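Engineer: The chain contents come next:
Protein chains: 2
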Amino acid sequence: MLEDKNIPKTPIATLGEFALIETLTKSFEIKDSSTQFGIGDDAAVIQHGKDETLVSTDLLIEGVHFDLSYMPLKHLGYKAVMVNLSDIYAMNAVATQITVSIAVSNRFPLEALEEFYLGIHLACKNYKVDLVGGDTTSSTKGLMISVTAIGKASKDEIAFRNGAKEGNLVVVTGDLGAAYMGLQVLEREKAVFQVNPQSQPDLSEYSYCIERQLKPESRVDIKALLKDLEVKPTAMIDVSDGLSSEILHLSKASKLGCQIYEDKIPVDPEVLKSCEEFKINSTTAALNGGEDYELLFTIEQSDFEKIKGHPHLSIIGHMTEVASGYNMVTGLGQQIELTAQGWNGIENKEND
Amino acid sequence: MLEDKNIPKTPIATLGEFALIETLTKSFEIKDSSTQFGIGDDAAVIQHGKDETLVSTDLLIEGVHFDLSYMPLKHLGYKAVMVNLSDIYAMNAVATQITVSIAVSNRFPLEALEEFYLGIHLACKNYKVDLVGGDTTSSTKGLMISVTAIGKASKDEIAFRNGAKEGNLVVVTGDLGAAYMGLQVLEREKAVFQVNPQSQPDLSEYSYCIERQLKPESRVDIKALLKDLEVKPTAMIDVSDGLSSEILHLSKASKLGCQIYEDKIPVDPEVLKSCEEFKINSTTAALNGGEDYELLFTIEQSDFEKIKGHPHLSIIGHMTEVASGYNMVTGLGQQIELTAQGWNGIENKEND
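Line by line, the protein sequences give chains A and B.
Going by our numbering, the residue at position 268 of the first sequence is 271; the numbering climbs one at a time, nothing skipped.
Going by our numbering, the residue at position 115 of the second sequence is 118; the numbering climbs one at a time, nothing skipped.
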């Protein structure tokens, strides 16, 4: 669970009242000018002037969303922030603050929480957001993490899911399916380790997939990139649950159908290779895998030339009238219906 | 757990994707004019114009913060909102929106979550706040609730904890200790019930204490009341962990000492009566009990006449230089040092 097994383990109960949170948060400095007051009062105070304020929140539960047997706590802290920032970026907005609440069982020593907060700190630094509050409490079992992200945008910049128009082009950033294949590799290694704890696997050939799973980045760059390209997204959503689920959300919110092309879905060569090894269809990984935290958005057809061939952006299809349904044309020219997969137990989000 | 044991129990897994959250939140209407967009996109959009935006968050864990054997889910939903609104009111601000995230194990049927959301809905209605987002997921064990409250206030209205001045009067709203005594009664009845499930206790003589524990209200009225009285609080905090802990927070943040008077601490007659029965010192209940969600604040001495004798406000002491420490003068004229009690396991809050 901890990267260095020899570091001291301080029971949390030995810390005085509020000393724990001071220990965990003392290295966080306020950097965003809109943060008037951060940690240390009943509430944080934020001034967003003329801009709109955006709020998104996520809950991550041990045993449901993450497995500490292969997820280092520092990476978990980083990823917990990414998941939330991604929701703010998916509104074509700028993230400015986060709050982080955790509930921990007494199996976690202080050093484990410090590792976790190192990841939070790195994410705040890399993405220029301020930690402004939270709650720290005990749990009867496991680790639970609740992050709320706050952002800002001018009214005319915000991209909702419901703004797509018929004929709009569908664009996705980066590539898809790698986080899912990273999970497959890690799950396999965990199973091997349980049988043979002496195994020393060489995972270097899966390094991209594993990094996408353990240390995802969110697309902070897209808002500025689109502005530079003079493209205004008509609708936008982040790809947290897999392309299929997200394009259905966007289509339904916009009261439209969609048609995408299997050949156009961006997939990294390492994903193709590991899919072959695991006997998983790479399109299935991209459509249903999730956790890629790329952005999916729609643009006017007239913006085609501005986007075409951009290394970070792939045009994968277009929006149709609602009666046409939600379709993908396969590499063999067949048309298949897209369905929301990845429904595993309950996993809903009011703002996701 | 459910008030009517005969209502149908729909397993959550039988609902389609996103149908759960639609079922739970469909009756929530947007009422606050600052809510531009609520549930249904990656993030909520809030416009706070010239006002400051305030954010506070709390995590409530089954088995740590609540016991469903005597806490009806509707009350739990209501209380979860109160805990957070109280933090916004403790900044002398107006609460405007909340997000609610829950993680539930599969022992909870849909009807249980609907009960919970009925309480959330009632709280939103009574306190005029909008539900604008959240996250709903499965847990491996029990129920976890994370609420984030958002509020607004003009810059000059906000009351931080650190604004108290030497000689300021210390004021508390309402009365203290009742929620704690309500908990004692409920814990005793639970123990009785475990021995004799046929027992039908008459709890009417504890009705105030039990209501304070199960259905607390937060002091939404105090900001307007103080404005009417033309009193500006110099510092403010809510009483969630007991008077002693809170006055220490306020004093330390303001770099001052304090002196309060045992005789002045407002305690309801029902609390006195039940304290006698339970052999608990009523001052201990008020100082260390917690969960009263009253407000503790400081005012200029010159405002004494405006506050004096007000039925909702009790002047309980004054702020001193830091070297004098944190003291209470008992009914017998002894001076004792106030210490932060109620430290039970870990229970910290960056913004609390």
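Calculated directly from the structure, the hints in this document are not laboratory data.
Watch out, some of these pointers could steer you wrong.
A pair holds if it fits inside one copy or across any two, identical chains being indistinguishable in the list.
Claimed, not checked - Here are the computed lysine-lysine pairs in the BS3-like style, where the Cα-Cα straight-line distance is at most 27 angstroms:
#	residue 1	residue 2
1	Lys131	Lys53
2	Lys144	Lys258
3	Lys128	Lys168
4	Lys128	Lys282
5	Lys168	Lys12
6	Lys258	Lys34
7	Lys276	Lys34
8	Lys309	Lys276
9	Lys309	Lys235
10	Lys255	Lys29
11	Lys309	Lys144
12	Lys193	Lys53
13	Lys29	Lys131
14	Lys158	Lys53
15	Lys193	Lys309
16	Lys158	Lys131
Computed from a predicted model, the values in this text were never measured in an experiment.
Engineer: If a hint holds in the structure, say so; if it does not, say that too.
Structural biologist: Status of each hint after checking the structure:
1. For a Cα distance limit of 27 angstroms, the shortest separation of Lys131 from Lys53 qualifies both inside one copy, at 20 angstroms, and across copies, at 23 angstroms.
2. Taking identical chains as interchangeable, the C-alpha atoms of Lys144 and Lys258 are never at most 27 angstroms apart, the minima being 43 angstroms within one chain and 38 angstroms between chains.
3. Proximity of Lys128 to Lys168 under the C-alpha cut-off of 27 angstroms is found in neither arrangement, the shortest distances being 37 angstroms within a copy and 36 angstroms between copies.
4. Taking the shortest Cα distances, Lys128 and Lys282 never come within 27 angstroms of each other, neither inside one copy (39 angstroms) nor across copies (53 angstroms).
5. For the homomeric pair Lys168 and Lys12, neither the shortest alpha-carbon distance inside one copy (56 angstroms) nor that between copies (41 angstroms) is at most 27 angstroms.
6. When the C-alpha separation of Lys258 and Lys34 is checked against a cutoff of 27 angstroms, the pair qualifies only between copies, where the shortest distance is 25 angstroms, while the shortest distance within a copy is 40 angstroms.
7. With identical chains, the CA atoms of Lys276 and Lys34 are never at most 27 angstroms apart, being 42 angstroms at best within one copy and 52 angstroms at best between copies.
8. Proximity of Lys309 to Lys276 under the C-alpha cut-off of 27 angstroms is found in neither arrangement, the shortest distances being 32 angstroms within a copy and 77 angstroms between copies.
9. Proximity of Lys309 and Lys235 under a CA criterion of 27 angstroms is satisfied intra-copy only: 11 angstroms inside one chain copy versus 56 angstroms between copies.
10. In this homomeric assembly, Lys255 and Lys29 come within 27 angstroms of each other (Cα to Cα) only across copies, at 17 angstroms, whereas the closest approach inside a single copy is 45 angstroms.
11. For a Cα distance limit of 27 angstroms, the shortest separation of Lys309 from Lys144 qualifies neither inside one copy, at 51 angstroms, nor across copies, at 50 angstroms.
12. Taking the closest pair of Cα atoms, Lys193 and Lys53 never come within 27 angstroms of each other, the shortest separation being 50 angstroms inside a single copy and 53 angstroms across copies.
13. Proximity of Lys29 and Lys131 under a CA criterion of 27 angstroms is satisfied intra-copy only: 17 angstroms inside one chain copy versus 36 angstroms between copies.
14. Proximity of Lys158 to Lys53 under the C-alpha cut-off of 27 angstroms is found in both arrangements, the shortest distances being 9 angstroms within a copy and 15 angstroms between copies.
15. For the identical chains of this complex, Lys193 and Lys309 are neighbours neither inside a copy (45 angstroms) nor across copies (68 angstroms), given an alpha-carbon limit of 27 angstroms.
16. In this homomeric assembly, Lys158 and Lys131 come within 27 angstroms of each other (Cα to Cα) both inside a single copy, at 22 angstroms, and across copies, at 24 angstroms.
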